[in-house]
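Keeping their order, the protein sequence lines are chains V and F. Per the numbering used here, the first sequence runs over residues 83 to 474. Per the numbering used here, the second sequence runs over residues 83 to 474.
Derived from the structure by calculation, the hints contain no laboratory data. Every value quoted in this text rests on a predicted model; they were computed, and no experiment measured them. Yeah, the Cβ is synthetic: ideal placement off N, Cα and C, and Gly gets one too.
Computed list of lysine to any residue pairs in SDA-like fashion (alpha-carbon distance at most 20 Å, straight line):
(1) 182/V / 333/F
(2) 336/V / 146/F
(3) 182/V / 313/F
(4) 316/V / 259/F
(5) 197/V / 318/F
(6) 146/V / 337/F
Label pairs and their calculated CB-CB ranges:
(7) 295/F / 186/V: 35 to 43 Å
(8) 172/F / 372/V: 46 to 54 Å
(9) 284/V / 213/F: 51 to 59 Å
(10) 315/F / 369/V: 17 to 25 Å
(11) 401/V / 385/F: 37 to 45 Å
(12) 145/F / 315/V: 24 to 32 Å
(13) 313/F / 369/V: 19 to 27 Å
Far from chain V, some chain F residues (derived; all Cβ distances over 12 Å):
(14) 156
(15) 194
(16) 221
(17) 224
(18) 226
(19) 234
(20) 238
(21) 255
(22) 257
(23) 295
(24) 344
(25) 382
(26) 384
(27) 386
(28) 396
Number of protein chains: 2
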Amino acid sequence: MDPKDSRFSTQISHLALDIGGTLIKLVYFSPNGDNCEDGSIVVGNNGCSVVQGRLCFAKFETRKIDDCLDFIRLNILQHSGVQHARDKFSVKATGGGAFKFADLFKEKLGIVFDKEDEMHSLVCGVNFLLKTVPREAFTYLDGQKEFVQIDHNDLYPYLLVNIGSGVSMIKVDGDGKYERISGTSLGGGTFLGLGKLLTKCKSFDELLELSHQGNNRVIDMLVGDIYGGTDYSKIGLSSTAIASSFGKAISDGKELEDYQPEDVARSLLRMISNNIGQIAYLNALRFGLKRIFFGGFFIRGLEYTMDTISVAVHFWSRGEAKAMFLRHEGFLGALGAFTSYKDQSHSTDLKPHHHTVERAVVKCSDDDSFRHIPVTANVNDGEAIECSINLV
Amino acid sequence: MDPKDSRFSTQISHLALDIGGTLIKLVYFSPNGDNCEDGSIVVGNNGCSVVQGRLCFAKFETRKIDDCLDFIRLNILQHSGVQHARDKFSVKATGGGAFKFADLFKEKLGIVFDKEDEMHSLVCGVNFLLKTVPREAFTYLDGQKEFVQIDHNDLYPYLLVNIGSGVSMIKVDGDGKYERISGTSLGGGTFLGLGKLLTKCKSFDELLELSHQGNNRVIDMLVGDIYGGTDYSKIGLSSTAIASSFGKAISDGKELEDYQPEDVARSLLRMISNNIGQIAYLNALRFGLKRIFFGGFFIRGLEYTMDTISVAVHFWSRGEAKAMFLRHEGFLGALGAFTSYKDQSHSTDLKPHHHTVERAVVKCSDDDSFRHIPVTANVNDGEAIECSINLV
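With the rest of the complex left out, here is chain V (with noise of 0.2 Å):
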């Protein structure tokens, strides 16, 4: 394997983390093939190398910052044959903690971090994923995913809701055209934090699992339980909506021990998304927005997520508005990062190939790429995006 071959440099050179206060995101660029064979790198007619290849995502924890060195440095530095990059390499980097960890990379791996604002990564992301990757956005109601086929002449203006730790709302006009509208600190953050007070959870992922277990009833305040088990049918409320989130523990006599941590986590996670679907639609009113993108880690392709949003959206905006969701929900700002891309030795074209990314769904999980992956990373190993980029 000789480092100097530019597929290397490229794979190194293209990595792109997001560093937000719970997770880091990972998005690099793997070319074809680790022996050539099958010639992934095309010189165009214009004298360009066309370097063909996937996009990949990796996410670790932020309080396991040394796994994503490890990461970084066996299966990006070191599967290229370099072991310290020793300030060769700058990548693109955006979040929190592209400031708070700067030194630490360096120090550790020798990238240095050409940093992108968040919000600017974010919608660049979303803009690049709607319009150029197939089958991205989808609906969620009913139990019913249905993508929905963006056109690109009136994508604009929309409502990008991106849920981390704490949630950002942003409205889209056109290409670096935004702006943060709005916010709230009740996001996943809240949902990891306060469930793992709650329920001794360790993470995220065992939190969502309970969670789906669970029975809000048991502990949320129901309009019923106030009103005997009526409706109050002169404003619209019924007896199963909910009054007051966590509001029979007032009055159960009963401590944390006494409830299951499956209703608990669920009457949570409940909680949060109802009141991130409600704010978001109450900031798409003020612009007039009829589209809502979520993104971001806290919904991770969850069912009762996506459907509690929804819901939320549908109810409060009488089905003016509506929710949708993104395939690659979770790497948006590092996505938007890495598009960004352009240094000294070559500018970078990405060509995403849309007719093969069904193809790469399947083809990504046995690639060789990914044989140095330690077991503490977590790929998102059916997302994928197959494409080319080119070596100016």
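Fit chain F to the supplied structure of chain V, relying on the hints for placement.
Leaving out everything else, chain F in the frame of chain V:
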């Protein structure tokens, strides 16, 4: 003591209850003097009897409804020489419990509920207070409480945010002209419910007292925690802004027992107050409402809560909208139900004595009419309203 004395039947039948999911609120009329010495009954020129007295207030936890029944039996029925009303008296009742507990009150006390709609009562209560009780409304910002002079001709429209177990948001356009436009399930029940599970506090007051001593930064993830101590100035987020409520609990490696309960209580209070302030503002914005009145027992005159709500409204509205609070915040529904009093024997023409309200505040606590109050009752003895009623 002659129970046939009109003052006593007046007292009994001028009782209104607002039975919510967490608290029962009572408003009742207490005529001046126990032995007619101060001549509190005056026969007017038109032949009406004018009874002078005070509106008194008391509250009980809904789960301790027996205390409420005892209070009414001892301080209103028995105090008037009646052991059991034997279906003779109907009293005004609102809130979900007016449905849920109607049979209980009939069976135990012989009291029949004359049900009033919950939202209607809230609005009537606020309009009554704003129009007739001086120094009722005030703002709270930067530690300063400032009474607001309400111009009766410029009162409407306004947004009423009633924070009970859950939260109702009502646009009020005039007497009896209102619409419930929004709400949230994150209310006082959430604060107390989650608070009990997290801190083992037994009561709302205990939890509020705890929160008073805590520091939310111990457990909330601030912008500076993500950005390595710096602001995210581009979008106007200071390093001390809360990025994620309870977000630090993700990565601290601590369990619930490792946190101080006062810090947990503080974060919880901040999270819920801020969220209500934000949703209230977004709804006020929809309808161009400049004034937002916050009521309900959640606030309880607590400075930190009022400050958080005021700051949220001020921050999100960029100073355009104003949060206002009410001295009788906890009794809006009960007061509204009370003002709708009308039965076969007499109608009520409630006339608060403006100039004596301040005097009543001083007088009330050692007033004779409270001598039978059992220790479990929680009487807002600083907030009685001196007034007279006409018996026709």
